[in-house]
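Enquirer: Take a look at the letters that make up each chain.
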Amino acid sequence: MRHQRRSKWRLMERKVQGQREPASADLNVLLLAVGRARDRAAFATLFEYFAPRLKSYLMRLGAGSGVAEDLAQEAMLTVWRKADQFDPGKAAATTWTFTIARNLRIDALRREKRPEIDTDDPALVPDDAPQADDKMARAQEDARLREALTSLPREQVEVVEMSFFADKPHSAIAAELGLPLGTVKSRLRLAMARLRTALGETP
Amino acid sequence: MSAVHRVTHHPDEELLLSYASGAADEGFALVVATHLAFCPECRRAVSAFERTGGAMIASLTPATLRDGALERTLARLDEPAKSVMRQPTMSDARLPEPLRSYVGNLDRSWLPLGPGVAHRLLLKRGKTSVRLIRAMPGASVPVHSHEGRELTLVLTGGFHDETGRFGPGDLESATQETHHKPIADLGEVCTNLALTDAPLRFFSTLPRLVGKVFGI
Numbered sequence: 001m002r003h004q005r006r007s008k009w010r011l012m013e014r015k016v017q018g019q020r021e022p023a024s025a026d027l028n029v030l031l032l033a034v035g036r037a038r039d040r041a042a043f044a045t046l047f048e049y050f051a052p053r054l055k056s057y058l059m060r061l062g063a064g065s066g067v068a069e070d071l072a073q074e075a076m077l078t079v080w081r082k083a084d085q086f087d088p089g090k091a092a093a094t095t096w097t098f099t100i101a102r103n104l105r106i107d108a109l110r111r112e113k114r115p116e117i118d119t120d121d122p123a124l125v126p127d128d129a130p131q132a133d134d135k136m137a138r139a140q141e142d143a144r145l146r147e148a149l150t151s152l153p154r155e156q157v158e159v160v161e162m163s164f165f166a167d168k169p170h171s172a173i174a175a176e177l178g179l180p181l182g183t184v185k186s187r188l189r190l191a192m193a194r195l196r197t198a199l200g201e202t203p
Numbered sequence: 204m205s206a207v208h209r210v211t212h213h214p215d216e217e218l219l220l221s222y223a224s225g226a227a228d229e230g231f232a233l234v235v236a237t238h239l240a241f242c243p244e245c246r247r248a249v250s251a252f253e254r255t256g257g258a259m260i261a262s263l264t265p266a267t268l269r270d271g272a273l274e275r276t277l278a279r280l281d282e283p284a285k286s287v288m289r290q291p292t293m294s295d296a297r298l299p300e301p302l303r304s305y306v307g308n309l310d311r312s313w314l315p316l317g318p319g320v321a322h323r324l325l326l327k328r329g330k331t332s333v334r335l336i337r338a339m340p341g342a343s344v345p346v347h348s349h350e351g352r353e354l355t356l357v358l359t360g361g362f363h364d365e366t367g368r369f370g371p372g373d374l375e376s377a378t379q380e381t382h383h384k385p386i387a388d389l390g391e392v393c394t395n396l397a398l399t400d401a402p403l404r405f406f407s408t409l410p411r412l413v414g415k416v417f418g419i
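Just so you know, the sequences run in chain order X and S.
Taken in order, the first sequence gives residues 1 to 203; the numbers are from my numbering.
Taken in order, the second sequence gives residues 204 to 419; the numbers are from my numbering.
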């Protein structure tokens with residue numbers, strides 16, 4: 001059993017390396033294995049996939065190579081510790097890992113708290129709309145989103161990217177691009193509407 | 204369950220996106236997150252933006268790690284996690300999280316800001332201040348304008364001004380061009396969460412003095 005599990009992860013590892021964009025369903029399965037069985041081999045495969053990308057993300061946001069790598073490592077340790085809270089019905093592994101790295105950076109580099117809602121809070125106004133809790137649909141979201149991102153006009157992708165990777169208010173982004181703030185905002189609105197449509201939502 | 208006020212005034216897309224991406228500073232993030240507690244619609248928007256963040260991470264060119272990065276991380280898997288102790292606070296069930304933890308006891312520490320109006324500073328980071336503003340029924344916040352932005356999120360009761368009517372969960376976003384005089388609805392105390400990123404300018408003497416004293 002143990003042997004079978006190992007070879008299964010090796011197969012995925014090859015897939016991850018051979019095919020630059022693994023199905024996010026595979027990442028979800030690996031993360032579930034970490035959460036449920038503290039599976040170190042599955043964690044190692046996730047590390048190989050996420051740690052270099054998280055380092056890249058943190059460097060894009062201005063961290064030096066050393067700091068970015070240390071933080072990426074901390075983020076992966078947080079992934080290990082919190083994996084039992086991962087719910088693929090709520091978010092894909094990529095989204096979940098992104099939020100961990102984002103919050104860790106706010107805490108470690110900006111020394112600020114990250115205010116977030118408490119989903120168990122009785123004071124939270126409940127969502128009466130039908131919930132899409134389709135794990136397969138969630139797992140395919142990344143692919144759909146990436147497809148939608150590549151189909152966006154370059155000028156829209158640029159402002160979306162800067163929103164995630166520049167850590168600046170949109171007024172500063174507008175100044176950097178030499179554009180009126182209204183133009184940046186309308187590009188963002190258009191891009192986000194397209195992305196939400198790709199997710200099957202009506203914004 | 205009693206009818207919940209339907210939120211009609213939302214943060215703009217840019218503000219929701221800066222919350223989802225992590226670019227928003229703590230003050231803006233606190234206002235957005237508190238709005239989210241009232242507004243399932245904006246929660247869905249933020250969730251879509253976070254999923255976009257996940258897809259963006261996945262599409263990045265991987266950076267090279269130092270030799271032995273994986274081994275060093277694996278060696279640390281059994282380290283005990285730094286325990287984060289949440290201090291139990293006197294918290295108030297009238298407010299949702301994350302605001303509740305910032306406020307503690309809602310009945311304490313109010314300072315006067317004019318007839319029937321009081322405020323309490325919650326957070327100050329650089330130029331951004333976030334405070335609670337409480338207005339007795341029918342009371343008005345003195346006419347003011349802003350050099351920067353002012354976000355006002357209704358927590359209890361409601362108010363109206365030149366731009367419309369605002370109830371629990373509604374967010375008013377005012378800019379330099381806005382000169383407004385919000386008036387609290389009759390019948391209920393109006394409590395707001397207000398963010399400013401530059402000093403307010405009042406157009407009458409008393410609040411101007413009060414503003415100076417309290418650094419508003």
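Keep in mind that the hints were calculated from the coordinates and are not lab data.
There could be a bad hint or two in this list.
Once the Cα atoms are required to be at most 27 Å apart in a straight line, the calculated DSSO-like pairs of lysine-lysine come out as [as the list claims (entries may be wrong)]:
#1 X:K113 <-> X:K90
#2 X:K82 <-> S:K285
#3 S:K285 <-> X:K185
Enquirer: Against each hint, give a clear statement of whether it holds in the structure.
Expert: Against the structure, the hints come out as follows:
1. X:K113 <-> X:K90: holds, 23 Å
2. X:K82 <-> S:K285: Satisfied, since the Cα-Cα distance of roughly 13 Å is no more than 27 Å.
3. S:K285 <-> X:K185: It is violated: about 40 Å lies between the C-alpha atoms, which goes past 27 Å.
In summary, the structure is inconsistent with hint 3 from the numbered list given earlier, while agreeing with all the others.
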